[in-house]
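Dock chain C against chain F, hints included.
These are the residues of each chain, in order.
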Amino acid sequence: MWRLLQQIKKVGLVSEPKPAPDATMLQRQLQEQVRRVFGRALAIRQVDAGSCNGCELEIHALHNPYYNLEGAGIHFVASPRHADALLVTGPVSRHMAEALRRTYDATPEPKLVIAAGDCAACGGVFGENTCATIGAVANVVPVDVVVRGCPPTPTALLQGILAAISKRASA
Amino acid sequence: MREHFSDLNFETLPGALPALRVAVTAARLVELCRHVRAAGGRLVTLWGEDLRREDSGFRLCVVLEDADDLIAAELPLDAANPTYPDLSEIFPSASRMQRATFDLLGLRTLGGDQRPWLRHGAWPAEVFPLRHDAPALPPSVAHDYPFVRVEGEGVHEVPVGPVHAGTIEPGHFRFSVVGEKVLRLEERFGYTHKGIEKRAEGLDIAAGARLVARVCGDSAAAYAWACAMAIEAVTHTTPPPRALVLRGVLLERERLANHLGDLGGIANDAGFAFGQLQFSRLKEDLLRANEKVWGRRYPMDAIVPGGVCGDIDAEAARILIANMDAIAAEIRALREIYDNHAGLQDRFMSAGTVTPELSARLGMVGLAARGSGGTHDWRNAHALAPYAPMAHAAVSHQSGDVAARVAVRFDEALVSIDLCRQWLAQLPAGAICVPLGAPHAGTLGLGGVEGWRGPVLVAVRLDTGGRIARCHPHDPSWHNWPVLEHAIMDNIVPDFPLINKSFNLAYSGCDL
Chain F
258 MWRLLQQIKK VGLVSEPKPA PDATMLQRQL QEQVRRVFGR ALAIRQVDAG SCNGCELEIH
318 ALHNPYYNLE GAGIHFVASP RHADALLVTG PVSRHMAEAL RRTYDATPEP KLVIAAGDCA
378 ACGGVFGENT CATIGAVANV VPVDVVVRGC PPTPTALLQG ILAAISKRAS A
Chain C
87 MREHFSDLNF ETLPGALPAL RVAVTAARLV ELCRHVRAAG GRLVTLWGED LRREDSGFRL
147 CVVLEDADDL IAAELPLDAA NPTYPDLSEI FPSASRMQRA TFDLLGLRTL GGDQRPWLRH
207 GAWPAEVFPL RHDAPALPPS VAHDYPFVRV EGEGVHEVPV GPVHAGTIEP GHFRFSVVGE
267 KVLRLEERFG YTHKGIEKRA EGLDIAAGAR LVARVCGDSA AAYAWACAMA IEAVTHTTPP
327 PRALVLRGVL LERERLANHL GDLGGIANDA GFAFGQLQFS RLKEDLLRAN EKVWGRRYPM
387 DAIVPGGVCG DIDAEAARIL IANMDAIAAE IRALREIYDN HAGLQDRFMS AGTVTPELSA
447 RLGMVGLAAR GSGGTHDWRN AHALAPYAPM AHAAVSHQSG DVAARVAVRF DEALVSIDLC
507 RQWLAQLPAG AICVPLGAPH AGTLGLGGVE GWRGPVLVAV RLDTGGRIAR CHPHDPSWHN
567 WPVLEHAIMD NIVPDFPLIN KSFNLAYSGC DL
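From first to last, the protein sequence lines stand for chains F and C.
For the numbering used here, count along the first sequence from 1 and bump the result up by 257.
For the numbering used here, count along the second sequence from 1 and bump the result up by 86.
Hints are supplied without guarantee of correctness; some may be wrong.
Unchecked claim - Distance condition first, Cα-Cα at most 35 Å in a straight line; then the derived DSBU-like pairs of lysine-lysine:
{"#": "1", "chain 1": "F", "residue 1": "Lys266", "chain 2": "F", "residue 2": "Lys368"}
{"#": "2", "chain 1": "F", "residue 1": "Lys275", "chain 2": "C", "residue 2": "Lys378"}
{"#": "3", "chain 1": "F", "residue 1": "Lys368", "chain 2": "F", "residue 2": "Lys275"}
{"#": "4", "chain 1": "C", "residue 1": "Lys267", "chain 2": "F", "residue 2": "Lys267"}
{"#": "5", "chain 1": "C", "residue 1": "Lys378", "chain 2": "F", "residue 2": "Lys424"}
{"#": "6", "chain 1": "F", "residue 1": "Lys368", "chain 2": "F", "residue 2": "Lys424"}
{"#": "7", "chain 1": "F", "residue 1": "Lys266", "chain 2": "C", "residue 2": "Lys284"}
Simulated from the structure, these hints should not be mistaken for laboratory data.
So that you can see chain F by itself, here it is in the shape it has in the complex (with noise of 0.2 Å):
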């Protein structure tokens, strides 16, 4: 116990202030946006429609204390049903689609969905429309926001989610 305090205490605190989304925003709005449009907090469910895994990695990386998400009052939650947006990924493969469009039926309002990945956006190298794959998630459900990159960075997913929460709310 004595290292791990030391080794806590050593490393001590690495957060990062969050990007805003676009020049003109700042992020003071921006959290104000969050408490408007959603309470207090945004709730993610992550599908992955068929990618290489890669934009789950950095995923994951959202969770490292450095861009510290949660810090910023986004997690990532179990099940559709308690989340307010879906984090979508992949080239939407076909024998994933119908469990892509299920997990949309199953997300209450306000369903913001975000397409992330160059394969999200466009089908990426897997291409559209082939035997196996469909392609763009909006072929499938309804997308907010796309954020392109191959993997895309833990810095632009951020800025993906925070432009899906501003566009709803100026909407």
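Relative to the frame of chain F, chain C by itself:
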């Protein structure tokens, strides 16, 4: 080998990997497999090819590995009735590969499990997407998979997935349990099937390599290197020494990144969030150093046929070494905390045990096998440049439980850092990429490296125009997923996430 099969013509395949090609009959294929198995060798992978346009029916390719070589055995199959002997009696892990080969190409085994594997409902049973005359967009059909039922008083089923509770890849697990105890686990995958092999056909080399690097994102360097090696074999290209060393650095840093992630993730699944926070911080440090040096956090297209993309200078090498020195010191400190944490060790020890005997019998490979007494590692077995023979001691632990798979990761993370330090201290000068030679159409090109999970193999054939005619990427998870079904037996359901994470096998890598 050759003395036992003097009637067969073993040709040496081109390329860096020591590999032979041999045409076989069905009977000789079975004898060859039995011989390799008896000598302690293993099945690497198998796949099928459609050669009907050349009037040659179909072909089954089986890659075996004995003490010295890879052996690619090729069995011609009849166009009208393509069947071959069931190899899963000899190599249990062949079963799912055979089922996948049927789903994609319609090559059927005589015996063994005949249920579909990769085919769910995206195409009808009589359509085989990898055949050249398959419809581009077959109609989807209703699909019901026949799971094995466990009967008995008090037995019930717990179905999990394909969408899991956490941020992980989709797959289905069917537990048959009594109380909390797992009697049987049956896995059902194929949800992330992206038709990668079909997609690869007709691509130029650059596009093909980009695709193969995305078979499994956490092993991008391993797949890109294996693919580059296969293409270099069939274009008679020798990548420059500096490129090989930089590939080694990329692959070992990929291994390190995954081991750091898993060391945190496994602890987290045992309720020790401190471990997750510490190791995810170290992984982020590593990725940020990657970004400083290569301009990106993950090595998606850093390795290309002919060499690598992006050189590093002395300052970049210094950044990488400083980054890994800092990580090494923290790994040592954290290992002491892990080893001395009674609650953590209580969860790790004797959970999900795979005995060395079971591991050998089922043909487990890679990291997980090295937690069950195995020592096999392509970095030592082939010692292809920049790996030198016996440059690092084989990491191996005997207990076969979660604790052993954690210990392998701790040991291997430090080995990877040592290797990178040695390479970066004396980087060979010169070019980092050379133009590819002329393609040898139709020749089988094999490339393989020890990825962080285990051996990754990529097989490539080019057509006369130098495009990809057939490409088969192989993930080590094919061999280890079936072992997980055994590792969980007699454990309790709540320990499954921990045991599963200690293997951390690929879904996308096998779903293809």
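Open item on the list: I'd like to know which numbered hints this structure contradicts. Please list them from smallest to largest.
Closed with: Per hint list: 1, 4 and 7 violated.
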